[in-house]
Amino acid sequence: MTLDIVSTVFIAGAAFLSLAAAIGAVRFPDLLSRMHASSKPQLFGLVMVMFAVGLQIQQWGPVTTMLIIVLFQLFTVPVAAHMIGRAGYRTKHLRRSMLYRDELDEAVARAQARDVHARETAERKQAAQAARDKDQETADQSGGSASGEDRTPIDHDEPDTGR
Amino acid sequence: MNGQQGIPLVSVDDGMGLIAAIVIGAVFLAAVVVAIVRIVRGPSILDRMIATDTLLATIMCALGGLAAFSARTDLFPVVLVIAMFGFVGAVGVSRYVSRADLRTTSRFRRMGRGQGSGSIGTADGHEPTVPELAIELEAARRADPERDTGMETAGTDLDASSTRVTDGPDDWSQSHEAPHGGDHDSEPTAEAVADPHAQSSGAEHREDETSGGGQP
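Protein chains in written order, with the UniProt record's numbering: chain A, 1 to 163; chain B, 1 to 216.
Worth flagging that the hints you see were computed from the coordinates, not collected in a lab.
Heads up, a few of these hints could be off.
[What the hints assert, rightly or not] For the chain B half of the interface with chain A, some residues (derived, Cβ under 8 Å), not all of them:
#1 Gly15
#2 Ile24
#3 Ala31
#4 Val34
#5 Gly42
#6 Leu46
#7 Met60
#8 Ala68
#9 Thr73
#10 Leu80
#11 Phe85
#12 Ser94
[As the list claims (entries may be wrong)] Ranges of calculated distance between the beta carbons of each label pair, as one might list FRET restraints:
#13 A:Arg27 with B:Tyr96: 23 to 29 Å
#14 A:Ala111 with B:Ile22: 54 to 60 Å
#15 A:Gln58 with B:Arg48: 39 to 45 Å
#16 A:Pro29 with B:Ile22: 30 to 36 Å
#17 B:Met16 with A:Tyr100: 27 to 33 Å
Since this is a predicted model, take the numbers as computed values, not measurements.
Note that CB positions come from ideal geometry on N, CA and C, so glycine has one too.
Given these sequences and hints, build the entire structure.
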């Protein structure tokens, strides 16, 4: 009877965490706040449910299965949250007026400056190489040069900024 | 019954257990409904993905609670599969969003159709600008202030100042200054659209926030 009451309390706690997460996902104003609200029952609610299951079904099979599920969530929830947050930052789905400090902004600016510098040096090198090739072609016109064909220019369209 | 082990918590002649099960089930149901409200409203696909994660976590907790209540052990593989699908869905959607948003905005930008016309955007009129171009432009200016960067920025908010925190209201707040045809009740801050007084007070509050946020 006591175990029943304790496990009922655990499951009720998980239920209220889920409800709080859903209400937070509706009421909070922007993406990062919603992420903060909705990540509560993903682990803590599941751990409480696992305790309830362990109290109620006192066998090793269900408890180990539930433990595997909790471990899986423990590994995958931060990864998923990181991916969503990164996509949100890249596509500007965040309200900057709600941020006290954007620590990623400085790092992004630094990486972009480095990227621009690297691209400029690469372009300069490429232009020098092209000029050298043209000189060589005019020098030996009899040699039937097909060497300019297979050198494709570097695609600058989408630089991977590493953010 | 097949799959039943241990003593089930809820039996017919156990009134308290049944009442507790019904109350907890109602709370789970309310959580699912509220999460579905956020999935329907959006406004962006990332918000929908977060709400989907919440929904899946709620379903997992509910299935675990049902397994504990009725002592069924055949629900745990379902919970595991739901966890896996939630993770794969979140990662896939976030990858898709980042790639697609960048590609469409930059392509339309290059075609000269104006800023943001090809972006995915959000339903409440908050169209993301092109952060890559803005940051890149800013970095190029920082590296060489005299050089003309060759990108036209006049008339748009593609200017590098739009990426700074301290330079006035950002594009999110600008989107609220003009009324639009989006869903007005989607955001709690949407009353700034209807009420100009609240809008001005919101602007003051924002300035206070940014000036206070500049000092750590």
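> Minimum Cβ distance from Thr73 (chain B) to chain A below 8 Å?
Replying inline: holds (5 Å)
> Was the hint right that Phe85 (chain B) lines chain A, CB cutoff 8 Å?
Replying inline: violated (11 Å)
>> A range of 39 to 45 Å was offered for this pair. Does it hold for the Cβ distance of Gln58 (chain A) and Arg48 (chain B)?
In response: holds (40 Å)
> Does the hinted range 23 to 29 Å hold for Arg27 (chain A) and Tyr96 (chain B) at CB?
Replying inline: For Tyr96 (chain B) against Arg27 (chain A), whose Cβ atoms are near 27 Å apart, the range 23 to 29 Å holds.
> Does the nearest C-beta of chain A fall within a distance shorter than 8 Å of the C-beta of Ser94 (chain B)?
Replying inline: holds (4 Å)
>> Quick check on a hinted range of 30 to 36 Å for Pro29 (chain A) and Ile22 (chain B), using CB atoms only.
In response: holds (34 Å)
> Between Ala111 (chain A) and Ile22 (chain B), is the Cβ distance one that fits in 54 to 60 Å?
Replying inline: Since the Cβ atoms of Ala111 (chain A) and Ile22 (chain B) sit about 55 Å apart, the hinted range of 54 to 60 Å holds.
>> Less than 8 Å between beta-carbons is the criterion; does Leu46 (chain B) satisfy it with respect to chain A?
In response: Result: holds, 5 Å to nearest chain A Cβ.
>> Would the hint on Ala31 (chain B) be counted as holding, given a Cβ-Cβ threshold of 8 Å to chain A?
In response: holds (4 Å)
> Holds or violated: Gly42 (chain B) as interface residue toward chain A, Cβ cutoff 8 Å?
Replying inline: violated (11 Å)
>> Restraint: Ile24 (chain B) near chain A, CB-CB cut 8 Å. Satisfied or not?
In response: With a minimum Cβ separation of about 5 Å from chain A (threshold 8 Å), the hint on Ile24 (chain B) holds.
>> Is the interface hint satisfied for Leu80 (chain B)? The criterion is a beta-carbon contact with chain A at less than 8 Å.
In response: Status holds, d = 5 Å.
Going through the hint list in order, the structure does not satisfy hints 1, 5, 11 and 17.
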